[in-house]
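2 protein chains.
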Amino acid sequence: MREVLAQAAFQLFLERGFERTTVDDIVARAGVGRRSFFRYFPSKEDAVFPDHERCLAEMTEFLAAADDGDPVGAVSDAARIVLRMYAANPEFSVQRYRLTREVPGLRTYELSVVRRYEQTLAGHLRSRFGADGDGALRAEVIAASVVAAHNNGLRLWLRSGGEGDPEVAVDHALAMVREVWGRRDVPATPTAPAAPEVSVVPAAPLAVSGGGGGGGDGEVVVMVARKGTPMWRVVQQIESAVGEN
Amino acid sequence: MREVLAQAAFQLFLERGFERTTVDDIVARAGVGRRSFFRYFPSKEDAVFPDHERCLAEMTEFLAAADDGDPVGAVSDAARIVLRMYAANPEFSVQRYRLTREVPGLRTYELSVVRRYEQTLAGHLRSRFGADGDGALRAEVIAASVVAAHNNGLRLWLRSGGEGDPEVAVDHALAMVREVWGRRDVPATPTAPAAPEVSVVPAAPLAVSGGGGGGGDGEVVVMVARKGTPMWRVVQQIESAVGEN
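Protein chains in written order, with numbering that gives the first Met the number 0: chain A, 0 to 244; chain V, 0 to 244.
Careful: at least some of the hints might be erroneous.
What the hints assert, rightly or not - Computed footprint of chain V on chain A; a stretch qualifies when at least three of its residues, placed anywhere within it, have a C-beta under 8 Å from a C-beta of chain V:
{"id": "1", "segment": "11 to 20"}
{"id": "2", "segment": "129 to 142"}
To be verified - Ranges of calculated distance between the beta carbons of each label pair, as one might list FRET restraints:
{"id": "3", "chain 1": "V", "residue 1": "L13", "chain 2": "A", "residue 2": "R19", "range": "35 to 43 Å"}
{"id": "4", "chain 1": "A", "residue 1": "A130", "chain 2": "V", "residue 2": "M0", "range": "43 to 51 Å"}
{"id": "5", "chain 1": "V", "residue 1": "D24", "chain 2": "A", "residue 2": "F37", "range": "25 to 33 Å"}
{"id": "6", "chain 1": "A", "residue 1": "P89", "chain 2": "V", "residue 2": "S111", "range": "26 to 34 Å"}
{"id": "7", "chain 1": "A", "residue 1": "A56", "chain 2": "V", "residue 2": "S42", "range": "44 to 52 Å"}
{"id": "8", "chain 1": "A", "residue 1": "M84", "chain 2": "V", "residue 2": "G16", "range": "35 to 43 Å"}
{"id": "9", "chain 1": "V", "residue 1": "R83", "chain 2": "A", "residue 2": "Q118", "range": "40 to 48 Å"}
{"id": "10", "chain 1": "V", "residue 1": "A130", "chain 2": "A", "residue 2": "R34", "range": "48 to 56 Å"}
{"id": "11", "chain 1": "A", "residue 1": "A56", "chain 2": "V", "residue 2": "M0", "range": "47 to 55 Å"}
{"id": "12", "chain 1": "V", "residue 1": "M0", "chain 2": "A", "residue 2": "E18", "range": "16 to 24 Å"}
{"id": "13", "chain 1": "A", "residue 1": "P89", "chain 2": "V", "residue 2": "A130", "range": "24 to 32 Å"}
{"id": "14", "chain 1": "V", "residue 1": "G163", "chain 2": "A", "residue 2": "Q6", "range": "48 to 56 Å"}
{"id": "15", "chain 1": "A", "residue 1": "R1", "chain 2": "V", "residue 2": "G132", "range": "21 to 29 Å"}
Please keep in mind that the hints were generated in silico from the structure rather than gathered at the bench.
Just so you know, even glycine gets a beta-carbon here, dropped at the ideal spot from N, CA and C.
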């Protein structure tokens, strides 16, 4: 019934426009009474986004069961639940994206849904980071970053007409957030793994260099070492990363 | 006239509640005709936030005149324009914050204003980063981070009843975003300063270490070097940072 109503509503929104479709039109098309509509949807807007409540519930459940060791990874994976909901029905998702861009009321509705996802992710991070110090600040900034990255990838796919696999763009975007924040979110608990004495990683070419490409001038290495690490260990690790002997 | 209408509206919202105040009530209190209201405000919601349009215009103007060398700094400073608007009238800002939390329509209105700020900041970053590669992605994620950090500091101050200087919390929050993103936003233009061959910086103690304190076990150094940098230069720089000979 819920599905039938959502489909009837969406067809009418596409045919007549969102504003000119009434709840009476929708129930007439679905062949049910007016009360049935409001039993399933608080408003016309809700019928356009019939899966967000389920998705929010799934996200909350997923996060409650998540491992404590990697909160940024957990909220990134939680965001992917939303992506999969969109990806499950590309045609509907793309049509709805176009409709939403045209109807201000749907855009503000969508903003409030996105805000609820963001608050759900921030709540999880806050519980893991603790309320002391900058825990709440970091939680909110990381949640906003994850949502922005996810939505960037999702929108690329929606604008392309829902062609191909949306996971690629979203994974790429979330990996960027992970790279920036992943190292900073390790909780100060005894369960955290010990940091290696030295770690050296080849990094992407710096944008400031005119050059680029593999092995070119622009390539850099980044090394992180504990103070007091013997110099020979530092040199050893750098040499093996740089390939210089 | 605009100011008189906004004040009359806000007084009535506090006295009777937002929903139960009509535009007729507002114009009666202000002693003007109904049309005057709509000449200044498209809706009742707009009268609650009379300064955001001016603030958005000021932000756009500020960014258009901003130096190209430090886009993350520019959008952080642009966000502070919003803070100053709130800080200019603490009592009104705190009352409005409380009202907004209670009225769903005002909350969604506020979300759409925040989104417009975010898009303004993202647009500036996109224009500086370029549309190639991850420019748009980075622009959106950094804009979302700046907005989340700014709002975290602003909300702390609003929740405290508008006591003290809100700049302290906002500066602290924006500095965190700056630290994370500042190094990654250098535009690939010839005006950017050349990267040093090697740079070594002592970093804060890692949270994973049980120790801590100056010179203790937990301290680390971070080194960034271009590939091809002679090893002696690397060792020289690390030794001078680590203090080991």
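Against the structure, the hints come out as follows:
Requiring three or more residues with a Cβ within less than 8 Å of a Cβ of chain V, the coverage given for the segment 11 to 20 of chain A is violated, as only 0 such residues are present. Note: the segment 129 to 142 of chain A has 7 residues with beta-carbon separation from chain V under 8 Å; the three-residue rule is met and the coverage holds. The beta-carbon spacing between V:L13 and A:R19, approximately 37 Å, falls within the hinted interval of 35 to 43 Å. Checking the proposed 43 to 51 Å range against A:A130 and V:M0 shows it holds: the Cβ atoms sit about 46 Å from each other.
At roughly 30 Å, the beta-carbon separation of V:D24 and A:F37 lies within the given 25 to 33 Å, and the hint holds. At roughly 27 Å, the beta-carbon separation of A:P89 and V:S111 lies within the given 26 to 34 Å, and the hint holds. At roughly 33 Å, the beta-carbon separation of A:A56 and V:S42 lies outside the given 44 to 52 Å, and the hint is violated. Distance hint for A:M84 and V:G16: a CB-CB separation of about 36 Å, consistent with the stated range 35 to 43 Å.
Remark: the range hint 40 to 48 Å for V:R83 to A:Q118 is contradicted by a beta-carbon distance near 26 Å. Take V:A130 and A:R34: their Cβ atoms lie about 50 Å apart, and the range 48 to 56 Å holds. Separated by about 49 Å at the C-beta atoms, A:A56 and V:M0 satisfy the suggested range of 47 to 55 Å. Hint check: V:M0 to A:E18, Cβ distance near 31 Å, so the stated range 16 to 24 Å is violated.
The beta-carbon spacing between A:P89 and V:A130, approximately 25 Å, falls within the hinted interval of 24 to 32 Å. Checked against the hint of 48 to 56 Å, the pair V:G163 and A:Q6 passes, with Cβ atoms roughly 54 Å apart. The hint said 21 to 29 Å for the Cβ distance between A:R1 and V:G132, and at roughly 43 Å that hint is violated.
In terms of the numbered hints stated before, the structure departs from hints 1, 7, 9, 12, 15, listed from lowest to highest.
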